[in-house]
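There are 2 protein chains.
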Amino acid sequence: MPFTPSTTPEAVRRVACIGAGVIGGGWVAHFLARGYDVTAWDPAADAEDKLRRLVSAAWPALEQLGLADGASPDRLTVAPTLAEAVADADFVQESAPEKLELKRALLAELAAAARPGVVIASSTSGYPMTDMQTTAADPSRLIVGHPFNPPYLIPLVEVVGGTHTDAAAVAWASRFYDVAGKSVITMDRELPGFIANRLQEALWREALHMVANGEATVEDIDASITEGPGLRWAFMGPCLTFALAGGEGGMAHMLDHFGPSLKSPWTRLEAPELDSALRDAMVDGCASAAGDRTYADLVAERDQGVIDVLRATGRLPRADRAGAPDPAVPGQRPHTPGSAAR
Amino acid sequence: MPFTPSTTPEAVRRVACIGAGVIGGGWVAHFLARGYDVTAWDPAADAEDKLRRLVSAAWPALEQLGLADGASPDRLTVAPTLAEAVADADFVQESAPEKLELKRALLAELAAAARPGVVIASSTSGYPMTDMQTTAADPSRLIVGHPFNPPYLIPLVEVVGGTHTDAAAVAWASRFYDVAGKSVITMDRELPGFIANRLQEALWREALHMVANGEATVEDIDASITEGPGLRWAFMGPCLTFALAGGEGGMAHMLDHFGPSLKSPWTRLEAPELDSALRDAMVDGCASAAGDRTYADLVAERDQGVIDVLRATGRLPRADRAGAPDPAVPGQRPHTPGSAAR
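So the sequences go chain by chain: A and B. Position one of the first sequence corresponds to residue 1 (my numbering), numbered consecutively onward. Position one of the second sequence corresponds to residue 1001 (my numbering), numbered consecutively onward.
To be clear, the hints were calculated from the coordinates, so they are not data collected in a lab. Each hint should be verified, as a subset may be incorrect.
[Said to hold, decoys possible] Only pairs whose alpha carbons sit at most 25 angstroms apart, straight line, appear in this in silico DSS-like list of lysine-lysine:
(1) A/K263 <-> B/K1099
(2) B/K1050 <-> B/K1099
(3) A/K99 <-> B/K1263
(4) A/K50 <-> A/K99
[Claimed, not checked] DEER-style ranges, computed between Cβ atoms:
(5) B/P1060 <-> A/S264: 33 to 39 angstroms
(6) A/R115 <-> B/D1292: 48 to 54 angstroms
(7) A/H164 <-> B/E1063: 43 to 49 angstroms
(8) B/P1002 <-> A/D275: 47 to 53 angstroms
Here a beta-carbon is modelled for each residue, glycine too, at the ideal position from N, C-alpha and C.
Let the hints inform the model, and build the full structure from the sequences given.
Encoded structure:
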């Protein structure tokens, strides 16, 4: 069945959020802050109290982010039934527990209850829509809109449809999330775990292996990221970061020089064959990401970025205390060599 | 051979940096900024020019970080020979190219030339010291001190010895790096790739698989991190971050609820068996990391941290422009729903 939108992404006024837990409640807070009317529904008895507490707790943060004109927690309505929740909605975001059968039944119910031409998005963290849309009367408007926790602060949302989703519904949803202030990655094919979860799951599984083998502690693992690569990843992704590790030779030098380390037992994950096609894809991708920025430009950007992040996360001594030892500031402890010997 | 330090970590005044490329030069900049006398040696003909350019380029960033008393680029000496470079050094940092035979020969030469009781550290990104110290006359003072790029900005250094390293040398080096302003993880066993590289290598390999299969582009991969998990990892590691994903139930709820997803094909990396020992190790580790901070405390910290990082990395509208559309600020674009329809 072809998808014909009931309205434009720019004209959406009311969003229905189905499921009001940590993720669903986070979506409610985000849409309220962006100035939408939000109707929520959750079968749990104490759902409304918990939801309003979550929104109240998040609101000061949302005020710092900058509220849209007219944004208010008062524009949240908690509906007594699913049908009433979606009756007037221009967009539906489903955030039920991660159980396939539950998602299938719920999405079928939503597809039957929502107005024609309204896109219904699932917050699933990994199920392909093809597996979830099997029982829906009209699967053409069902898409995955996968957020990160908390949805009201982390910009990323991954958008992808299923076999029976109309490409027009995917395009409409990507535009809507963009208008609603999210940072959108639209995928042209289904991939279990999408993109970001595959990356963090690989890291997570390696971390679990290390803890299971007594090779590292939880504290070691968290510190190795927050004191290391995590400082760069807040503003420069792993590809461009590694391109800089290649010096002025960039990703080409990095792959040609460190390529062999892909075969070293640095993780339990087997590496792909670094053939010329993959090499060129990485090199060209980084070149396009760098645009007209030179190696020196990128190094300067990275350095300023790390300093800004260190300062933002309280790891730089305050100006008035520069020079004074500060054991609470790892990596930034001023020290006069030999002082202990003088 | 037992290790007897020539001086205390606090009394170190002169550091020798062997190899002055991207990493070695970064170490030079870091030690100069922390107020040490630094002697560098690199066999390349143009090494001194490149090194002094690197230090000059890094210095404004180091001034922002806060220089130690008396810190100056003028305290850098470039020695004509390796022997002269280490003759008066209280500590030696080797950052030669990542070639095992080269490292073996160089470390043996350094162990012969450095004064007795001086610790010699290798910046190797993955070779176990046991494999590198095979030909050294006195391997007891050879340790791995693995930095991240750039060493003058990223606090993390991973410290570990080899089979023939004296534990006292590992302890001395860990204390020295701490005094020198680094954030130290001391490992009690050798593990190829250490900790942080194993984690980022797992992520990197999964990223390469996705690009190789046409499942994601370099741009998608970088954006999925900088707009997603990377924002949290700048200040809260993957374990504590996932503990928050468990809501008030924390890591216990997260593992009990999402444990099955470890078996889902979200990455090419096989997951370890989530037995009760691993579950408890993760739960206890996160509980100890949280200390007396409640779930609400941690959520508030995370939220403020993400906001601070978004602001630090230029992804928040300036106060005077809050409410004004800013297409250049993904995830933070103020929007009045329905405005396009009015």
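Item to check | Assessment of proposed distance window 48 to 54 angstroms (beta carbons of A/R115, B/D1292) | outcome: With Cβ atoms ~50 angstroms apart, the hint holds.
Next on the checklist: Just to be careful, I want the Cα atoms of A/K99 and B/K1263 compared with a cutoff of 25 angstroms; is the pair within it?
Outcome noted: holds, 14 angstroms
Checklist entry - When you take the CB atoms of B/P1002 and A/D275, is the distance between them in 47 to 53 angstroms? => result 50 angstroms Cβ-Cβ, so the 47 to 53 angstroms window holds.
Next on the checklist: Holds or violated: A/K263 and B/K1099, Cα atoms, limit 25 angstroms.
Outcome noted: holds, 14 angstroms
Checklist entry - Is the hinted range of 43 to 49 angstroms satisfied by the C-beta distance from A/H164 to B/E1063? => result Since A/H164 and B/E1063 have Cβ atoms about 59 angstroms apart, the given range 43 to 49 angstroms is violated.
Next on the checklist: Checking one constraint from the list: CA of B/K1050 to CA of B/K1099, max 25 angstroms. Satisfied?
Outcome noted: With a Cα-Cα distance of about 22 angstroms, the restraint between B/K1050 and B/K1099 holds, given a limit of 25 angstroms.
Checklist entry - Has the hinted range 33 to 39 angstroms been met by the Cβ atoms of B/P1060 and A/S264? => result holds, 36 angstroms
Item to check | Satisfaction of hint between A/K99 and A/K50, Cα-Cα up to 25 angstroms | outcome: Status holds; Cα separation ~22 angstroms.
Violation of the numbered hints given earlier is confined to hint 7; every other hint is satisfied by the structure.
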